[in-house]
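S.K.: Below, each chain spelled out in residue letters.
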Amino acid sequence: MAFVLSPDAPLSAWMVELDAQIERSATFFAGRPIVVDLSGIPKSDPDLDTLFDELRARGIRVIGAEGADGLTPAIQSVGGPLIGGRPLGLYEVPDDPPDEPPAPEPTSMVLDEPVRSGQTILFPQGDLTVSGSVASGAEIMAGGSIHVYGVLRGRAIAGVTGNPQARIFCKKLEAELISIDGLYMTAEDMEGFRGKSIMARLEGSSIIITEIS
Amino acid sequence: MAKVLVVTSGKGGVGKTTSTAAIGAALAKTGKNVVVVDFDVGLRNLDIVMGAERRVVFDMINVIQGDAKLAQALIRDKRIETLSILPASQTRDKDALTSEGVAQVIAELREKFDWVICDSPAGIERGASLAMHHADVALIVTNPEVSSVRDSDRIIGLLDSKTERASKGERIEKHLLLTRYDPVRAARGDMLKTEDVLEILSIPLLGIIPESPEVLRASNLGTPVTLANPEAAPARAYMDAAKRLLGEQIPMTVPGEKTSLLGKLFGRRVA
Numbered sequence: 001m002a003f004v005l006s007p008d009a010p011l012s013a014w015m016v017e018l019d020a021q022i023e024r025s026a027t028f029f030a031g032r033p034i035v036v037d038l039s040g041i042p043k044s045d046p047d048l049d050t051l052f053d054e055l056r057a058r059g060i061r062v063i064g065a066e067g068a069d070g071l072t073p074a075i076q077s078v079g080g081p082l083i084g085g086r087p088l089g090l091y092e093v094p095d096d097p098p099d100e101p102p103a104p105e106p107t108s109m110v111l112d113e114p115v116r117s118g119q120t121i122l123f124p125q126g127d128l129t130v131s132g133s134v135a136s137g138a139e140i141m142a143g144g145s146i147h148v149y150g151v152l153r154g155r156a157i158a159g160v161t162g163n164p165q166a167r168i169f170c171k172k173l174e175a176e177l178i179s180i181d182g183l184y185m186t187a188e189d190m191e192g193f194r195g196k197s198i199m200a201r202l203e204g205s206s207i208i209i210t211e212i213s
Numbered sequence: 001m002a003k004v005l006v007v008t009s010g011k012g013g014v015g016k017t018t019s020t021a022a023i024g025a026a027l028a029k030t031g032k033n034v035v036v037v038d039f040d041v042g043l044r045n046l047d048i049v050m051g052a053e054r055r056v057v058f059d060m061i062n063v064i065q066g067d068a069k070l071a072q073a074l075i076r077d078k079r080i081e082t083l084s085i086l087p088a089s090q091t092r093d094k095d096a097l098t099s100e101g102v103a104q105v106i107a108e109l110r111e112k113f114d115w116v117i118c119d120s121p122a123g124i125e126r127g128a129s130l131a132m133h134h135a136d137v138a139l140i141v142t143n144p145e146v147s148s149v150r151d152s153d154r155i156i157g158l159l160d161s162k163t164e165r166a167s168k169g170e171r172i173e174k175h176l177l178l179t180r181y182d183p184v185r186a187a188r189g190d191m192l193k194t195e196d197v198l199e200i201l202s203i204p205l206l207g208i209i210p211e212s213p214e215v216l217r218a219s220n221l222g223t224p225v226t227l228a229n230p231e232a233a234p235a236r237a238y239m240d241a242a243k244r245l246l247g248e249q250i251p252m253t254v255p256g257e258k259t260s261l262l263g264k265l266f267g268r269r270v271a
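Line order of the protein sequences matches chains B and L. If you count by this note's numbering, then the first sequence holds residues 1 to 213, one letter each, in order. If you count by this note's numbering, then the second sequence holds residues 1 to 271, one letter each, in order.
All clues given are correct.
Reference listing, derived: stretches of chain B covered by chain L, where coverage requires no fewer than 3 residues with Cβ under 8 Å from a Cβ of chain L: (1) 117–124; (2) 129–136.
Beta-carbon label-pair distances, calculated as ranges: (3) L:L216 to B:D112: 40 to 50 Å; (4) L:G169 to B:Q125: 18 to 28 Å; (5) B:S131 to L:R188: 28 to 38 Å; (6) B:P101 to L:A107: 48 to 58 Å.
Mimicking EDC-like on lysine to aspartate or glutamate, the simulated pairs with C-alpha atoms at most 20 Å apart in a straight line are: (7) L:K112 to L:E81; (8) L:K193 to B:E174; (9) B:K171 to L:D196; (10) L:K69 to L:E100; (11) B:K196 to L:D196; (12) B:K43 to B:D53; (13) L:K168 to B:D112; (14) L:K3 to L:D114; (15) B:K171 to B:E191; (16) B:K196 to B:E174; (17) L:K69 to L:E108; (18) L:K32 to L:E81; (19) L:K162 to B:D112; (20) B:K172 to L:E199; (21) L:K3 to L:E108; (22) L:K3 to L:D240; (23) B:K171 to L:E195; (24) B:K196 to B:E211; (25) L:K32 to L:D136; (26) B:K196 to L:E195; (27) L:K243 to L:E81; (28) L:K3 to L:D136; (29) L:K32 to L:E108; (30) B:K172 to B:E191; (31) B:K172 to L:E195; (32) L:K162 to B:E113; (33) L:K3 to L:E170; (34) L:K3 to L:D160; (35) L:K168 to L:D136; (36) L:K168 to B:E113; (37) L:K3 to L:E248; (38) B:K196 to L:E199; (39) L:K29 to L:D240; (40) L:K69 to L:E111.
Just so you know, these hints were derived from the structure itself, not from any lab. Think of the CB as a built atom: it goes at the ideal place given N, C-alpha and C, for glycine as much as any other residue.
Chain L on its own, in the form it takes in the complex (with noise of 0.2 Å):
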């Protein structure tokens, strides 16, 4: 049985697409099929960040518009066999999304893969929604600061309210994922506390991504930070709120509370 995630968060900058990179990444290592799905049309990111840009013949725009076929859209990642992406056009805009011929994609995507992955663009406007409309679990990526965790409260209203799955009157899956966590500056108090994001958003808690440069060099690089350098703190936590989203029960390692990962953040700085 498929299932469709939207990485989705409001506001912009907060690490929806690296995370969808990651967590695909991460999802199709444990053998799982999976697609990542760029929603973000006229600024499509996800196919430089899954190192696919030159790839790129057709897009799910021309998909929608019957120029190509959605196997031609697809490309497979030339690191993981399970792995797809599914491009954004760069140069249209989200008006070319039309609600059928997105059903009629993530139907056809539903079939082929495990798990397919809605890479949303930032905003609330027709992108955003379309990317969540079909979703049946909702990732909400956060960074410990108050304006991103008012845009993710928003979001969530509109996933219980707008999405084809409340629209039925059933519940959407909805995971927290906590990005740029710094926690040598949350000690300090300038920036909000995991308990306090916890308690403002009151939806259970994936994961917790470490601020680290890794995720900027793995960007740079094309590559997901869960397949550039898998022993690398974000990589690791990234890796953890897969196997969570799979089911595992896999121990909350709040960055800077244990001392064995202080020391790997400490010696990367050193080095």
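Just chain B, same shape as in the assembly (with noise of 0.2 Å):
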């Protein structure tokens, strides 16, 4: 199967626009045998003598042309006319190369400095670990788990975009509030786990916090 190349009068834009197509996929035509259709071109344009020169020159393999008004110099130079072969239809050339595949958006945060009040972080795409602590007045969110391995003493939230499987752990439980997938406890509610190692999890529509060593 060979691609057909039209090009539109006057050659010498059309040149400029095949360029600027071969500057977004350089190797659109690389080893792609290319039938050029001349029926666009009247014979008097004054590229149309270096036409195959100029396609050449930028690695476009021309087998024949077609669709020419009598038989030019520059179509000689390509062996003349193809006789017989059929149109298969219009390819559509891909306006843009293909992308890169995406890098992975990242689904883990680590925090090293300790969070202080007043600062909310808020990471929606996956878990959120903190070195060191989470002040009294600070918030962290995550869409996923929560892993803080200093005092727990703000805010946690976990499951923020909807994740009922997230879970919150802690070296040492002094919350103000923990909250998972929109459920939430405050520091009343977890009088017997205050200063523990903890980790916190959703039952059905309760936090269960047990105890870890």
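Both chains are sitting in their own frames, so use the hints and assemble them into the complex.
M.R.: Now the structure itself:
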């Protein structure tokens, strides 16, 4: 199968467009046999004689020409008009080169600094890990689970994007509030676990805290 | 190389102005060229604590608005030659501070002095954020009680995100100054312990200033406590803190842990 290139008049302008196309996808013409359809080009176009040389200079492998108005020297240079073969229909030239596969979105975030009072950290894409403490009056939110390796004194809100599987882990629980998937628990309801290492998870419609060692 | 130090806390009444005056005088006593700058426009106090309130002619707002030159607004301390004060305006408010004006004043002060000590107003609004904006070093003044600690934590967060250094991706050097520390009450559990404050704020400790009537007495005299009574416990604590700021290694004495210090406290109470 060969591709058909159909230049428009004037050729000089079409050449600029072609260059732009090659710029966008350099390998588009590589190794492909190309037939040039000259029906849109009047015989008088000044660039017609050099057309095939120009195409070859761009690495386009021209195997023939068709639709020419008479036998020009240019057409002779590619072996005359094509006889036989039939068009298969138009090929849609892609506007943009195929994108690089996008880098996968990070699904976790690690904070090495303590989270200070008044700060809000939101990471809806996944799990959030804090290696220090979360101060009273600070708020950390994650789409997934939350891990705090210091003291959790502020608010921790896991599963903000609607994830009942999210959990909260912390080395020392002093939190003002914890929440998973919209359900929350205030400090008053976690009295028995104050100062302990805990994991909080959702069971049905209640938050269950278990001590971890 | 001049250093700009901001004395800040978030909460009011914890001892920012007292500490600014005391540390400024202590640094000046070591021979450094020091200026203390009052950023509390509209509620200025540093001039009183420094005993310069009768000598104020021009202030920082006059300098910012081009009504006076910086040299005209600076007041040289009568007791220590290397100590100066740049007063704030009492008749204006914080909106009179422009960020370009403050940048200009700080740049000029950097050329003249070794230490530029900015006394921040309480709060986290314009005055406080402009006072901290150009700082290289921050002194966070905290009382051993929960609300002061939480406010200090908030201020540390702002120091790490809103200052010029932070915007350039650099670190601002932060030190904790624990003031109004009462070892007897701390032992009874009425106050947060030093370790608890350090654990919450996780910044290095520069000094612990014991609660003492000497501080109020010096304030009322218009003399920084480090000059009024250099032998008093808070004066010595401030002096040690200033030396640590200069990089000297001085063991941290927690007031109350040493019997000699307790003896002094006791002795003064009897007297």
